[in-house]
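Number of protein chains: 2
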Amino acid sequence: MISKEEIKSYFQGLQDEICTALAQADGKASFTEDLWERPEGGGGRSRVIQDGNVIEKGGVMFSAVWGGLHEKMLASMGLTEKVDFFATGVSIVIHPQSPRVPIIHMNVRYFEMANGTCWFGGGIDLTPHYVVEEDARWFHQQLKDVCDNHDVTYYPKFKQWADDYFFNTHRNETRGVGGIFFDYQKPDENRSKDDIFAFVKGVGEAFAPIYTYFMNKNATIPFSEQEKDFQYLRRGRYVEFNLVHDRGTKFGLETNGRTESILMSMPPMAKWIYNYQTEANSEEEKTLALLRKGVDWV
Amino acid sequence: MISKEEIKSYFQGLQDEICTALAQADGKASFTEDLWERPEGGGGRSRVIQDGNVIEKGGVMFSAVWGGLHEKMLASMGLTEKVDFFATGVSIVIHPQSPRVPIIHMNVRYFEMANGTCWFGGGIDLTPHYVVEEDARWFHQQLKDVCDNHDVTYYPKFKQWADDYFFNTHRNETRGVGGIFFDYQKPDENRSKDDIFAFVKGVGEAFAPIYTYFMNKNATIPFSEQEKDFQYLRRGRYVEFNLVHDRGTKFGLETNGRTESILMSMPPMAKWIYNYQTEANSEEEKTLALLRKGVDWV
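Chains as they are written, first to last, in our numbering: chain A, 6 to 303; chain B, 6 to 303.
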């Protein structure tokens, strides 16, 4: 059975591979690295890329932290006694230069408690500034393939989870075209820890081929000033989701996580216009109409 | 004793007066108005000004809403039985064009429950992109004068409340140079409802003279591209405060308030740079050093 040390090493290697692939596809910018330590135990390796040909601002973050469980976390688990934990993962958000290239997010994580309980979580979701149905279908097909390799019940379940999770309730719209999201995946009599880890590896390794596909295909499509402006507005919604609703962000900020690593997900620049309305039959209107739960992309 | 209807009318008149004063000082842009109704009772008059000479984006919002208390609000008050409420107020956030003109926020509000309990709340706080000590001192002196007209214990108490409230814990910095903040000001044997209302009126009426003073004095000061960029970063922190910490914003979004009115506080444009560092001995560094609690400005 895979150990926490092996999972940690795997995630570090995954971070390396993804950074290499992204920098190569970008062709201009490279990653800078910040190593940080957590006083209570563990630390991280934050890698950020800025002002590239394709990527305007992106982070590929690795961390492995341990120690006593924060009281907020204890409370959220209904625990009253102190218990040690170990958590490791890779988190990615990429904001591209072009409104024709989608924003993407990926996360894989592992959590273990001193009492022996452990689980995996993660997901990938895509936030196109302009929804291209063919691209969304292709994206979901890649995720379905990864899921189906392990369990045919995963894709429908985790796709719905993403629809529900990546939802800006106060806007009544999804963050983007969704993807997959899963949490609390614990080993049991039907599924070993190694089985779940194999699936999580599949998700992590799908990221670079998926995103470099969009980088290569879409970064050279021309766009107008108006389309660039719409990108800034959509980034504003991304900010709203991450600061108002995203559990990982809220939890990180509440528990004294490293703020700069947590908020690497913020876009380089975003705009807000009061009561913005799309024009009838515009591409913007078409995009907003597709930002809803339950779209069957495959 | 002043009635809720009279308070409501007063707040509507206050909104009118403030909008007139701001539009006049701006000299270019004027307010557009959206009337909205709340299905459960009441509604509002949202007024927004954009692309002015001095003001880039600002909102002066009036609302008066009533009905059954939302379950989140009941829970936060430790109540289990349903009870009707009435709430009215004016909320303002102004984002200026120039980094030399501060962002400002003002709120005055009144809340009443069917069981007879009622209270006032409110405050004014200033968020300069660049802290000018003379301006911060002048600002706090105006607020102290308003407070001292009613009760000499108000300013120290409400100034500290603002320091504690307008604080970005995850950045370990105040939102700006503070101001005054107060809540749950209930009438009792020592202080009538009319007394408290007179103070709240003082706060509301102080807003226009204070902000038009800064508009007139600072809008023509020249600034560089670098200073404009710092303004965008500081606006990013304003976004973080409002979406992560501000109780009014969180509560409004959670209880199905009118999203566009609540998020009028968002800046027209904001930026995030990973791990931004100021240069040693720069004006930016000096500003950040002053964004802390407990600075005695008067």
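Mixed in with the good hints, there may be bad ones.
Unchecked claim - Derived lysine to any residue pairs resembling SDA-like cross-links, with alpha carbons at most 20 Å apart:
no. : chain 1 : residue 1 : chain 2 : residue 2
1   : A       : LYS87     : A       : LYS149
2   : A       : LYS233    : B       : MET274
3   : B       : LYS255    : A       : TYR279
4   : A       : LYS255    : B       : LYS298
5   : A       : LYS276    : B       : LYS298
6   : A       : LYS9      : A       : PHE91
7   : B       : LYS298    : B       : LEU258
8   : A       : LYS149    : A       : PRO214
9   : B       : LYS276    : A       : PHE91
Claimed, not checked - Computed from the model, here is a short list of chain A residues facing chain B with C-beta under 7 Å:
no. : residue
10  : LEU40
11  : VAL136
12  : VAL137
13  : GLU139
14  : HIS250
15  : THR264
Calculated directly from the structure, the hints in this document are not laboratory data. These numbers were taken from a predicted model, which means no experiment stands behind them. Backbone N, C-alpha and C fix where the C-beta goes; we use that ideal spot for every residue, glycine too.
These are the hints, each one checked on the structure:
no.	hint	verdict
1	A/LYS87 - A/LYS149	39 Å, violated
2	A/LYS233 - B/MET274	13 Å, holds
3	B/LYS255 - A/TYR279	18 Å, holds
4	A/LYS255 - B/LYS298	23 Å, violated
5	A/LYS276 - B/LYS298	30 Å, violated
6	A/LYS9 - A/PHE91	8 Å, holds
7	B/LYS298 - B/LEU258	28 Å, violated
8	A/LYS149 - A/PRO214	14 Å, holds
9	B/LYS276 - A/PHE91	34 Å, violated
10	LEU40	13 Å, violated
11	VAL136	21 Å, violated
12	VAL137	26 Å, violated
13	GLU139	31 Å, violated
14	HIS250	9 Å, violated
15	THR264	5 Å, holds
Of the hints listed earlier, those the structure fails to meet are numbers 1, 4, 5, 7, 9, 10, 11, 12, 13, 14, in rising order.
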